[in-house]
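Required output: the full structure, derived from the provided sequences and hints.
Chains as they are written, first to last, in UniProt numbering: chain A, 1 to 327; chain B, 1 to 327.
I should point out that these hints are in silico values taken from the structure, not numbers from a laboratory. There could be a bad hint or two in this list.
Copies of one chain are not kept apart here, so a pair can be met inside one copy or by any two copies together.
[Said to hold, decoys possible] Simulated crosslink set (DSSO-like; lysine-lysine; CA at most 27 Å straight-line):
(1) 168 - 56
(2) 103 - 208
(3) 168 - 324
(4) 208 - 168
(5) 208 - 222
(6) 35 - 208
There are 2 protein chains.
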Amino acid sequence: MATIKEVAKAAGVSVATVSRVMNQNGYVHEDTRRKVEDAIRELNYTPNEVARSLYKRKSKLIGLLLPDITNPYFPQLARGVEDRLQEQDFRLIFGNSDESRQKETDYLQTFLQNNVVGVISSTNAPDHDMYTGLGIPVVFLDRTLNDNPAVYADGREGGRQAATELVKRGSTNITIIQGPADVRPAMDRFHGAVEALESSGTSYEVLKTTSFSFTEAEGWAKELFRRYPDSDGIIASNDIVASAVLQEAVGLGRRVPQDVQIIGFDDIPLSRLLIPSLSTIHQPAYEMGREAADLIIRLIEGQYIESRHIQYAVEFIERQTTRKVES
Amino acid sequence: MATIKEVAKAAGVSVATVSRVMNQNGYVHEDTRRKVEDAIRELNYTPNEVARSLYKRKSKLIGLLLPDITNPYFPQLARGVEDRLQEQDFRLIFGNSDESRQKETDYLQTFLQNNVVGVISSTNAPDHDMYTGLGIPVVFLDRTLNDNPAVYADGREGGRQAATELVKRGSTNITIIQGPADVRPAMDRFHGAVEALESSGTSYEVLKTTSFSFTEAEGWAKELFRRYPDSDGIIASNDIVASAVLQEAVGLGRRVPQDVQIIGFDDIPLSRLLIPSLSTIHQPAYEMGREAADLIIRLIEGQYIESRHIQYAVEFIERQTTRKVES
DNA sequence: CTTGAATGTGTAATCGGTTACAGGTTATTT
DNA sequence: AAATAACCTGTAACCGATTACACATTCAAG
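Structure, rendered in structure tokens:
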């Protein structure tokens with residue numbers, strides 16, 4: 001890669017002048033500008049972002065921390081973030097945290113060492129020192145706490161809706177699969193569901209689980225039907241778990257939705273491809289990603305922020321694992 | 001963030017000495033080392049990677065270019081890459097190329113501007129100038145050409161297996177869904193399937209498509225059964241398309257696998273969760289990602305490379321969309 | 001015709017590290 | 001005891017950009 005010095009020599013000017021034409025500031029004579037531009041084209045010069053970043057003490061890099069890109073909910077989020085950042089010439093340093101505090105701090109550390117100008121994170125510890133004392137803008141994505149800048153969906157309302165829809169469709173003996181206790185959105189959904197079931201006086205059971213992963217989901221699905229064989233309505237902690245439950249139910253000869261209704265969360269792309277297709281609570285993941293990116297950009301540029309707290313509404317998507325409601 | 005100068009002052013030494021203890025090279029007296037280490041701890045100092053990168057002309061950053069993280073096959077790959085790199089303290093700059101030449105060059109450009117030390121890319125143009133003249137190691141992932149370093153699966157053999165398994169299980173009128181013509185693995189699979197069908201003398205039809213996306217897959221599934229209603233075996237271009245086909249088939253009242261057998265490619269996590277679960281050609285995506293990362297690390301460190309070309313075998317995964325073979 | 005403003009360009013400091021080199025001290029050989 | 005090697009540490013150059021400042025020239029106003 002050519003350096004600014006080489007361009008300067010080729011154009012017969014000083015590096016300062018080259019810098020001026022690159023950044024379009026200061027005075028540069030028209031003839032000089034042309035000479036420099038020719039040299040730049042000639043040498044195929046692009047400025048070294050590292051040198052630039054060192055002097056200005058900020059880069060065009062933004063850190064993105066997600067629990068696990070392998071969970072089908074996150075690629076949507078990531079893609080939304082990337083698309084928006086890309087438009088503004090920002091680049092992404094990406095890491096999987098596995099919900100581990102250690103990995104999180106490690107990543108944050110190196111983000112800082114690389115002069116990132118902002119961080120977007122799906123963390124369970126927004127109030128941890130590592131975030132509060134970060135010194136650069138942070139946007140929490142799919143998570144929230146207090147009035148930190150955040151983009152997230154209304155999990156509690158989602159839980160309420162899931163429960164309400166099942167009850168409305170005739171389930172009387174519901175089992176809620178409670179996701180990992182340290183994952184905020186999972187608990188919000190859980191509490192929302194409990195709230196709605198309590199207030200409608202529906203009887204329910206709770207099955208506690210500790211992760212969202214594909215591999216373990218099948219185990220919980222089995223346990224669910226072993227422990228609570230009489231369930232006629234299942235509120236899963238997300239669509240992956242719901243899929244596993246659906247498969248187990250069908251394998252056990254239960255008719256869905258006649259014998260058991262199942263509802264998931266997230267509305268990941270696979271949900272509509274299942275047979276029967278999965279009823280679920282939709283979150284606009286791609287949009288949320290974009291919005292988070294947009295927010296961090298505004299924060300970085302010091303723009304006036306109307307609302308640092310962006311909550312998205314969730315929506316019940318009626319498919320085939322819930323019964324039709326008689327109208 | 002504290003700088004090396006501040007640490008030096010706090011410890012009462014020069015920056016050179018601090019640098020020596022940080023990098024554990026050169027001579028440093030035991031007492032001095034302790035003083036410096038205390039100061040480092042005191043100030044919570046970590047070196048600025050940007051400054052380091054500028055001087056050494058290389059960073060701890062590696063570029064990863066994938067077509068679309070939203071396609072469920074890629075998160076596995078990405079995760080494999082990330083896990084391996086992470087172990088060696090490398091960080092990832094990530095971008096989605098959408099199979100677009102323009103986006104690819106843009107990203108590669110900025111990767112270079114940020115002093116990345118290597119690139120891992122799933123591209124359809126490994127022989128394009130942008131790669132051949134890059135000046136840093138590149139590993140092609142899920143793609144290959146000539147003897148460039150690459151990690152990929154045997155797509156042609158996969159295609160052959162898919163066709164062979166369907167024929168073995170009694171399909172006599174097969175439709176192959178041909179993926180995007182500019183995506184190498186898609187064409188390899190296609191050719192492999194054609195090859196096997198030709199040599200077994202089985203009659204077949206071909207449906208051409210132009211992408212792998214969720215949204216369009218449903219359209220093709222419909223078209224498939226409109227154009228070739230008599231198909232009793234479908235070789236889909238990947239598992240997403242296969243899922244859409246499966247759903248359409250069931251919707252049309254076809255019994256799977258009795259009336260139609262369906263086979264996909266990739267073995268993405270959702271495949272086993274479908275009902276009936278999807279028979280498919282497995283690729284070890286996570287492993288491939290890890291291996292690609294491993295290879296790029298070795299390339300970067302200039303280690304001796306036994307084989308720059310790593311081909312993984314594929315494997316037929318028998319599930320429920322293919323019939324049992326009588327034994 | 002003078003003078004202050006606008007224009008044009010180069011020199012050098014700076015960002016925060018790494019390292020070549022010089023110079024001084026201590027330890028080991030002979 | 002002198003010579004040599006090993007140890008310890010600081011000064012300054014360097015990486016490739018940006019920009020403050022100085023200085024020169026041209027332009028416009030009075």
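How the hints compare with the structure:
For the identical chains of this complex, residue 168 and residue 56 are neighbours neither inside a copy (59 Å) nor across copies (66 Å), given an alpha-carbon limit of 27 Å. In this assembly of identical chains, the alpha carbons of residue 103 and residue 208 lie at most 27 Å apart only when taken from the same copy (25 Å versus 44 Å across copies). In this assembly of identical chains, the alpha carbons of residue 168 and residue 324 lie at most 27 Å apart only when taken from the same copy (10 Å versus 42 Å across copies). In this assembly of identical chains, the alpha carbons of residue 208 and residue 168 lie at most 27 Å apart only when taken from the same copy (25 Å versus 45 Å across copies).
In the homo-oligomer, the alpha carbons of residue 208 and residue 222 lie at most 27 Å apart inside one protomer (13 Å), although the nearest pairing across protomers, at 41 Å, exceeds that limit. Neither within a single protomer nor between protomers do residue 35 and residue 208 lie at most 27 Å apart by alpha-carbon distance, with minima of 70 Å and 51 Å respectively.
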